[in-house]
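Protein chains in written order, with the numbering used here: chain A, 147 to 266; chain B, 9 to 512; chain C, 1085 to 1192; chain D, -8 to 93; chain E, 100 to 242; chain F, 20 to 105; chain G, 1376 to 1542.
What the hints contain is simulated information worked out from the structure, not anything from laboratory work. It is possible that part of the hints are untrue.
Stated by the list, open to error - So these bits of chain F aren't anywhere near chain E, every CB distance computed over 12 Å: (1) Met21; (2) Ile22; (3) Leu26; (4) Phe30; (5) Gly31; (6) Leu34; (7) Leu38; (8) Gly43; (9) Pro44; (10) Ala46; (11) Tyr70; (12) Ala95.
As the list claims (entries may be wrong) - Pairs of lysine to any residue residues, derived as SDA-like cross-links and limited to a Cα-Cα distance of at most 25 Å, are as follows: (13) G:Lys1528 with G:Asp1518; (14) C:Lys1181 with F:Leu42; (15) A:Lys174 with D:Ile(-5).
Just so you know, even glycine gets a beta-carbon here, dropped at the ideal spot from N, CA and C.
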Amino acid sequence: MMHFNYIIAMLLITLGLYCLVLKRNLIKLIIGLAILTDGIHMFLISLGYRMEGIAAIVTDEMTSVPSNFAARAVDPVPQALVLTSIVINVCILALALSLSIYAYRYYGTLELEKIRRFKE
Amino acid sequence: MIPHAPILAIFLPLFAAFLMPIIGILSRKRGVNHAREWVAIAAVLAELVIVGSMLSEVLSGQIILYKLGNWDPPWGIALVIDGLGLFAALIVSGISALIVGYSFVSMEKDTGLDQYYTLLMLMLAGMMGVVLTGDVFNLYVFFEIMSIAAYALVAFRRNWQSIEAGLKYLIIGSLGTSFIILGVAFLYGLAGSLNIAHLAQNLPFLPATTLILPLGLFVIGLGIKIAMVPLHMWMPDAYQAAPPPVAALFSGATATVGLYAMLRVVYMLFGAFGIGAMLAGLGLVTMVLGALMALVQRDLKRLLAYSSISQIGYVLAGVGLGTTLGIQGGLFHLLNNAIYKTMLFMIAGTVVYRVGTSNMDKLGGLWKNMPVTGALFGVGALAISGVPPLNGFASKWTIYMAGVEAGQGGHWPGYAITVIALITSALTLAYFLKAFSNIFLGQRPGHLADVKESPRSMMFPIMLLGVLCVVFGILPQIGIDLVRPAQEALMNSGGYISAGLGGM
Amino acid sequence: MIEIIAYVLLGIGTACAIIGAIGILRFPDVYNRIHANTVVVVGGAIFLVLGAGILGGISAFTVKAVVIALFLFLTSPVSSHAIARAAHKSGIKLWPKSVADKLEEEKR
Amino acid sequence: MAKIQQALALAMVLTTGALLILAVTLTMPAFGSFPQRQIGESAEDAIGQQILENAPEQTGAANVVTSVVWGYRGYDTLGEATVLFTAVVGVVMLFRVARRSE
Amino acid sequence: MAGMSPIVRTTARLLFPFTFLFGAYVVIHGHLTPGGGFPGGVIIAASFVMLVLAYGIERAQERVGFTRAEVLESIGGLTIAILGLFGLLAGVAFLQNVFPLGEFGRLFSGGNLPLLYLAVGVKVTAGILLIFYAMLFGFGGEE
Amino acid sequence: MMISIILTILFGASLLCALRAALGPTAPDRVVAIEALVALMIGVLVLLGAYYNASIYLDVALVYAFLAFLGTLAIAKYLEGQGVET
Amino acid sequence: MSSARLPATFLCLWATWMILTTSLDPQELVVGAVVSAFIAVVSYEFLFHGGMRQKLHPKRLAYAMAYPFAYTWAEIKAHAKVIYYILHPRMPIKPGIVRVPTELRSDFGITGLANAITMTPGTLSVDVVGEEPSLYVHWINVDTTEPDQTNMKIARPFERFLRGIFG
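The whole structure should be built from the sequences, with the hints applied where relevant.
So, in structure tokens, the structure goes:
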């Protein structure tokens, strides 16, 4: 049970991969991508958890005892990484959705079978 | 060295990119023509100067460490520039300079040039960032900048081909970058650090089995980016659909950057695991399959794309051998590949610019119209097939020798590499002869009678590259001298670690 | 004293939340489910927020909790209305046992 | 044919998932053991722990995540902003003709 | 673009200044509370999106048009870059903090962090709006 | 103690909502269920804030509420069948 | 009196800022003032329509004070009713959409009424029809479909106050 979070994250990643490999609809593909990266983010952020940890923000009631804060707070580095990664993911999704709007305009469908190149 | 050169090399194109939309809007308002082109050219030339200024220090064996925000390395991000990084940076900045010059005329018929140059600058910034950084996550971020710019540039022309190719590239490519960040996450979980030098110092203490998965993730992710064979599906479409200068940039610079990242990660971080054999095997498969696929193509750009895949196989095979000679040969081939592949794509671009198609069935007899272009194409084709007085021969010969050397050292697969590489060379010659005869010789269709020679400003970068081909072919020692610091840097991970951690 | 009030509010909120959730599950069509949703939001969430807000005494925390409650109070009916209108416009029929549909009749 | 391909793909996905889960359960440090990593350094030397202890004095920000985002790893975040810029330019590029009609 | 029912319109009108303010609050307090430039920028952009949804695109474009958003985005990026350059100008490393740190826990603390977040906020607002506008025009079709 | 009991009950309620979101025959059904889920989650966030005595959780709840509202509006607009046209 | 709208918006926003920051630190106040001024300039025509003077009429304030109590009472009754329907095993509901005419005319008035109707469980405003405004309300237990009667049963508790407040 010690790895519960990690396992869930990996299941999410697998689900995303499943969507990405087996689904034949453009939007579903993009959703799969989103799920995949969400799993990665969850994995990354749970790497920095500390038992009984608190958020890594010094609030008013804690400024008097900063040493206590450092001993209780969770790892801030993965959180920063996840922030960056989320933005990157959003950007990719925006671009992907714009491209699929175009694809829809050309083909009138989002099914990959109808779009020639994806058949290969 | 110019002070702060490492960060300026990344910052300059970034600044130019941020400035570009404003320049576009202003010049439209004022009616100034070509303002963005000149800004882009200025930025790229300054970039070249900055990168060149670091050359002397690195050639003398130093490793430059630049601490961003002045945080000490394992905490903050540091730029670490060793021979390998600078080698890749030189290729990237040189190719980009030529590409920007080439785009001046080649893209003039298109709309949306503001965005085009912005994306070009961003892509350059991303590539420089990947090449110079000393931090795994930072590598990922700049890889993303490069990739997103690439996705957008592939779809630049917005016909159905490029939209589809862009989508395909986007989905497969972002799957690849997802693998990379998953690998980064695993590394962080295992070693608690993101600095490449720090990681390289700590990872050998871990049991080897725990590192197999991160290594696999990195190899798959970066393999998608450099189009290793089981993962190459996106590449021909993307290269075919992209505007010609962009395709040239991809084949020259982006592939180099991907290979750089591969070498950096695999050799620096996981160097202890004898991963070379796997790389060499993948390289062989890539090489042969790429060449075979190229044989049956009817489209010049597609043919060039498959040939790109095949050339990357050479580099992987050479580097995978792991000996001094092999790495030298591989890196030299990387340089040569950047030179002649960019050149060939540029020539394909001029043909498309003048004729309007790159389908080889509809071309023919262009030798009478564009003899200079034809001659240059001949030079490039011969160079890529490894015909003696040209640069392709020099690097391929080094790889063959490395294979033979490894074979004599008791590793029989060394001979196999040599033999297969030789066969692939023959295949390469075959399909380039076919392409040459299809395009420049034979019957000329009637509507091609009044095709003119390529414009001079497009011709200039091609000629420059052609001259480089000949120079490196006749005097291979220059190339080897250029490559040696990179090879030494790659094999000397101890120096990298101590320099990357600030001389600890 | 204030703790007791807080716990009473929390209790009401929890009860409303679970009952509303049951309602969302049980009711037969969209429009009726929105009624249950209102129970969840107004009776459940707002009471929970207010109760939690005064759990540790009146402080800055309470003020912010009141802001959240106010925000929920303002936006929740609007989104309910928007969804109901959209459902009706997109042609989702009422439960067959419904008594009247004046909107449909007068549209004709 | 398509059936076989699909089954193959499914098997690939499942294998990958199983591998990932196996690797995670076997090699990762247990969930919630933050300052401790696999490598033999002491827990106090972990980068996250060091940042937690020093960030408030060094950057002056109460939110330690912020001091990581713009302080220690500010360059990353510059890259992130650039990524957003890239995506926006890409999207604007895609819809450029539609824009011209405005 | 057609709007929605009067109820939605009125509520959107009422909420818009407050959500804008809340976004600004999130941006400015990025170094004290969770949030920061990106979430705050997204909230501000979302308040504009709310206007677009309720009223149609014209009402939002009166405030921030396409070109203005483009310029704002560039300005945001340039501000970050120039703030990074301050470090170089002061003779130290890129992106290094050269401003006084201020009193811990108050608003003016953290040196250049709030300024950077402000720039990111402007940039993200403009960027998300641009993406949204571009996609809307994309749905409208090309003429 | 009380808080953990309340959280358990809320968890049950959110499971019911999730069930409806999964079952829901039409799109508005799902939207409604998810709206209720969001409201419950806001309650949970505020409760957690009270538990940790940290008012920073409330900002998160507010952002969440706003974005959920916006999402509902967008879906409603889409469902009205007019699409998003300029 | 449209010139008063800008300062009024500014004050509203500044008060909100103070509530959000929950501190009276002068730095916060100054930055809050700047930000609220900026937002007020951007968006003042959204918040208030019409003049300010009659908005503060004492009669309206009195109605505004009394409204929450009446509202809460209606809310409690409605909750009890809907909870009864939910928990009843056979669910004795008679849902339907009825038309509810209203005498309110202003935007805010109609919005307030519709929101109040929606917020009381058991009734849900589905649509609003323009001139001579009337709401279409989904009612969980339809007693009558006559417009006068429905107005009596659904809208009357709120309408009186809202007319007092918004006119």
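Results of checking the hints against the structure:
Remark: the non-interface label on Met21 (chain F) is consistent with the geometry, its nearest Cβ contact in chain E lying 26 Å away (cut-off 12 Å). For Ile22 (chain F), the non-interface assignment is confirmed: its Cβ lies about 21 Å from the closest Cβ of chain E, beyond the 12 Å cut-off. Distance to chain E confirms Leu26 (chain F) as a non-interface residue, since its nearest Cβ pair spans about 21 Å, more than 12 Å. Every Cβ of chain E is farther than 12 Å from the Cβ of Phe30 (chain F); the closest lies at roughly 24 Å, confirming the non-interface assignment.
No beta-carbon of chain E comes within 12 Å of the beta-carbon of Gly31 (chain F); the shortest separation is about 28 Å. Residue placement check: Leu34 (chain F) keeps its beta carbon more than 12 Å from all beta carbons of chain E (closest about 27 Å). Separation of Leu38 (chain F) from chain E is adequate, the least Cβ-Cβ distance of about 29 Å exceeding the 12 Å criterion. The beta carbon of Gly43 (chain F) is kept farther than 12 Å from every beta carbon of chain E, the shortest such distance being approximately 23 Å.
Every C-beta of chain E lies more than 12 Å from that of Pro44 (chain F), the closest at about 24 Å, which supports listing it as non-interface. Listed as a non-interface residue, Ala46 (chain F) keeps its Cβ farther than 12 Å from every Cβ of chain E; the least gap is roughly 17 Å. Under the 12 Å C-beta cut-off, the non-interface status given to Tyr70 (chain F) relative to chain E holds; the minimum distance is some 17 Å. With a least beta-carbon separation of about 7 Å from chain E, Ala95 (chain F) fails to lie farther than 12 Å from that chain, contradicting its non-interface assignment.
A C-alpha spacing of about 9 Å is found between Lys1528 (chain G) and Asp1518 (chain G), which places the hinted pair at or below 25 Å, so the restraint holds. Pair hint Lys1181 (chain C) plus Leu42 (chain F) holds up; C-alpha atoms about 21 Å apart against a cutoff of 25 Å. Restraint check for Lys174 (chain A) and Ile(-5) (chain D): satisfied, since their Cα atoms lie roughly 22 Å apart, inside the 25 Å limit.
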